[in-house]
Amino acid sequence: MSILQILDIGLAGLVLAVAAWTVFARDAFAAVVGFVAYGLLLSLVWVRLFAVDVALTEAAIGSGVTGVLLIGAAGRLRKLEASGGDDELPGASLRLFAAALCIFVTLVLAGVVLSLPDPGPTLAPEAARHLAETGLGNPITAVLLSYRSFDTMLEKVVLVLAVVGVWSLAADQYWGGAAGNPRGAEPDGTRALLAQVLPPLGILIGIHMVWVGADEPGGAFQGGAILAAMWMITMMAGLTEMPSIRSRLLRLVLVAGPAVFVAVGVAGVAFASGVFAYPTGFAKPLILFIEAFMTLSIAVTLPVLVAGPPKRLRQQ
Amino acid sequence: MNDFFLSAAGIILFTVAVGLVRVLSGPTNADRIMATQLLGTGGITSLLLVASATGVRGVDDVALGLALLAAFAAIAFVDNVAAPDSDTSKGDRTE
Amino acid sequence: MNVLLDLFSVIAICFGTFFFLAGTAGLLRFPDALSRLHALTKADNLGVGLIVLGLLPHAGSLLAALKLVAIWALIQLAGATSAQLIARAIRRSG
Amino acid sequence: MTAATLAGFIGSALVGLGLYGLITDPQPIRKILGFNLIGSGVFLLFGIVARKGAAAGFAADPVPQAMVITGIVVAFSASALAIALVLRLYEVAGPVSLRSEHTSNKAEK
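Chains as they are written, first to last, in the numbering used here: chain X, 1 to 316; chain F, 317 to 411; chain L, 412 to 505; chain R, 506 to 614.
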């Protein structure tokens, strides 16, 4: 057994232990902390599966942005729930039945894993064959923005729908106000330092990830999530604040990604062979053009989702 | 040399994993956050070692992304969980 | 020259690993939250620093080396900030 | 056993664990965590399908990987919406729980 295999098995045990902790922990906050650690470990597993693009996404969204969302929610729930709340588990027989069901599901899935053909069916040769036509070097970016671009466009629409859903949960009197914390009168020094040093570097890294995403691991999702995190840190330090949900600019940026995507897709009818087709030779510049707007939209959508519905009165 | 890198990665990962006992036992929530902070640092370091040993492209970018976000959990914790009295100055201002 | 560089890497990484061990031992064994925080910052600081130092001779390109140093600097920044904030939170909660 | 098969077992176990949490944990936020565990387990299963489909010089089939990337983003937005719903419910209705009917009847008396 090689050292790498020992490492893999240890990592697997660790991931499962932390996942079990998030399920069985008594305290909700402890469970959430476990989930943040879990996200980090999961991106290590993705690296071991040679899925570096996925590892990047999991690192930025799974452990970073989701961590802030969940810890914020756990903190707010703890405050709202003055009595300590209800953590009574269902009866022993129900739990036993649930455990049996879950073990059964796990065993069936493990059986499926064992019976998978190796090498399995694959679309990799197809993806490779047409890669030259797109001008890209990263097959995953090609899948996301060329072969299956319709899926990716709809996924951006899901993000916009989630924002609409979150905003519509605002109490009546706060409609038109802003979410999140107001700008601090005197920002706390430690946080302000971090929020001033980190973003220039983070913005550089985020844009780097989008740019190299055409040929190397990276892309609009990963870069956008990093940029989103940078905006979030300046808000957490009280240096910037979430704009009012009435802000034209905010709404425009939120829909810019999917809108540009649809526009380019429809233009394909006139200039190429059909909807969501790119004219020959122009695929790469068009893909980079769409990715630029998508990155911008993702960078704004994620913090808006984390901030939640508006909680402050509309300013005159 | 590669085997040495991998062994070091393994030792670091399991060391910080043992530190996760603090997530279980606490006693305070600050201890829990500290343990994840240590796991984050150790995870990034072992990622760098594994990247150097296996030579998979782009892994250093994963480590870079994780390093950028390393302080986020701690800041979110301090803002939301550790400061019950300062709540009025934060999210729920209704004046 | 190569043997010397390898030796340098081995020594640096061994010391870095030692600091991770020490940081974890401190996190588990120290009696109060503030001393545990102190132990944690040692792993952040010296552990990562020494291992990055050990990996530098093996970085393939200048960009890769720069990224390694940037990762170390970012962990420093994150570690320092969060240690400060957590310490303040511990003191406030008494 | 390869790293891919091992990851497949992790994925299967994660689906089971998440399902158990989703069924038995009474607090809504814990159910959201359980749901996310199921999701990441399914993503890992996609990951091994991708890894087993390594061909044409790629270390893994790019199509499942692209689906996982969109999946992670969609899972995040679903969690954000779910959390906003739970928080709003708490604000309007006070502490809420999703425990079984039997015990909640007792609490009302």
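In short, the hints are calculated from the structure, not lab data. Do not rely on the hints blindly, as some may be mistaken.
If you anchor each label on the Cβ, the simulated ranges turn out as follows [as the list claims (entries may be wrong)]:
{"no.": "1", "chain 1": "X", "residue 1": "S168", "chain 2": "F", "residue 2": "S341", "range": "35 to 43 Å"}
{"no.": "2", "chain 1": "L", "residue 1": "L473", "chain 2": "X", "residue 2": "S247", "range": "41 to 49 Å"}
{"no.": "3", "chain 1": "X", "residue 1": "F150", "chain 2": "L", "residue 2": "P442", "range": "56 to 64 Å"}
{"no.": "4", "chain 1": "L", "residue 1": "S472", "chain 2": "X", "residue 2": "F24", "range": "40 to 48 Å"}
Please read all numbers here as calculations on a predicted model, not as lab measurements. Every residue gets a Cβ at the ideal spot worked out from N, C-alpha and C, and that includes glycine.
Right, here's what the structure says about each hint:
1. X:S168 x F:S341: 35 to 43 Å: holds, 42 Å
2. L:L473 x X:S247: 41 to 49 Å: Roughly 43 Å apart at Cβ, these two residues keep to the hinted range, so it holds.
3. X:F150 x L:P442: 56 to 64 Å: Because 60 Å falls inside the window, the suggested range holds.
4. L:S472 x X:F24: 40 to 48 Å: The hint (40 to 48 Å, Cβ to Cβ) holds, given that S472 of chain L and F24 of chain X are roughly 46 Å apart.
In this structure, every one of the numbered hints holds.
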